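> Those protein sequences? They're chains A and B, same order as listed.
In terms of my numbering, the first sequence opens at residue -10 and continues consecutively.
In terms of my numbering, the second sequence opens at residue 6 and continues consecutively.
Honestly, the hints are just simulated from the structure, not real lab data.
Model, not experiment: these values are computed from the prediction.
Glycine is no exception: its CB is placed at the ideal position from the N, C-alpha and C atoms.
Take the hints with a grain of salt, since some may be wrong.
Short, incomplete list of chain A residues facing chain B, as computed with Cβ under 8 Å [stated by the list, open to error]:
#1 SER35
#2 ILE38
#3 THR40
#4 LYS60
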Amino acid sequence: KNQVEQSPQSLIILEGKNCTLQCNYTVSPFSNLRWYKQDTGRGPVSLTIMTFSENTKSNGRYTATLDADTKQSSLHITASQLSDSASYICVVSDRGSTLGRLYFGRGTQLTVWP
Amino acid sequence: EADIYQTPRYLVIGTGKKITLECSQTMGHDKMYWYQQDPGMELHLIHYSYGVNSTEKGDLSSESTVSRIRTEHFPLTLESARPSHTSQYLCASTRQGASVEQYFGPGTRLTVT
């Protein structure tokens, strides 16, 4: 069964600190992995998209890693800011259908305290 | 900033009412999607479209229906709303291709009383 599991479910950190969010998946055949940021009451916004051949991709203070062998990904946030408080969603796409199905994790709820 | 819009943003209606959630995008994307999301839960695909006059049901069974008469417009309709339909509905679009970004609208928070 194709699944995406994220950990931790929630995380609280102090402003300025770094943190790392984890994503494990069983989606096969794999096409790409995406990290989204979703503010409360808003739609998700894409942070990174990585294909099989990419193992690191950065977007400002966000750095995503991908290990396609172990089917794991992480999102590292550097020097956190209050505006980083949001849900971070890991999404994996398969290439077994023309739809390019997206499998969504439940997200990690990050809270940054001043 | 994605050019994809949803209206209304919030809607509170009584049971049995017919409602239409609007979604439009100005990016010329062929593919459009509707997702349902409950608090703290993952997004579930309920409808998608590959282009004009193309609509398909997603993974999550839904009593809603959709139409795609114009490329930029993908409305979702509930003929008779029930409290079980209370949820957040997110519209998204993407251009053709495998590893392309999917752009989401701001969502409609629906409450059926």
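> Hint by hint, say whether it matches the structure.
Hint-by-hint comparison with the structure:
A least Cβ separation of about 5 Å between A:SER35 and chain B falls short of the 8 Å threshold, and the interface hint therefore holds. Annotation: A:ILE38 was flagged as interfacial toward chain B, and the flag holds, the nearest CB pair being 6 Å apart, inside 8 Å. For A:THR40, the interface hint holds, since its Cβ comes within 8 Å of a Cβ in chain B; the closest pair sits about 5 Å apart. Taking 8 Å as the C-beta contact cut-off toward chain B, the hint placing A:LYS60 at the interface is violated, the least distance being around 17 Å.
Hint 4 alone, counting from the list given before, is not met by this structure.
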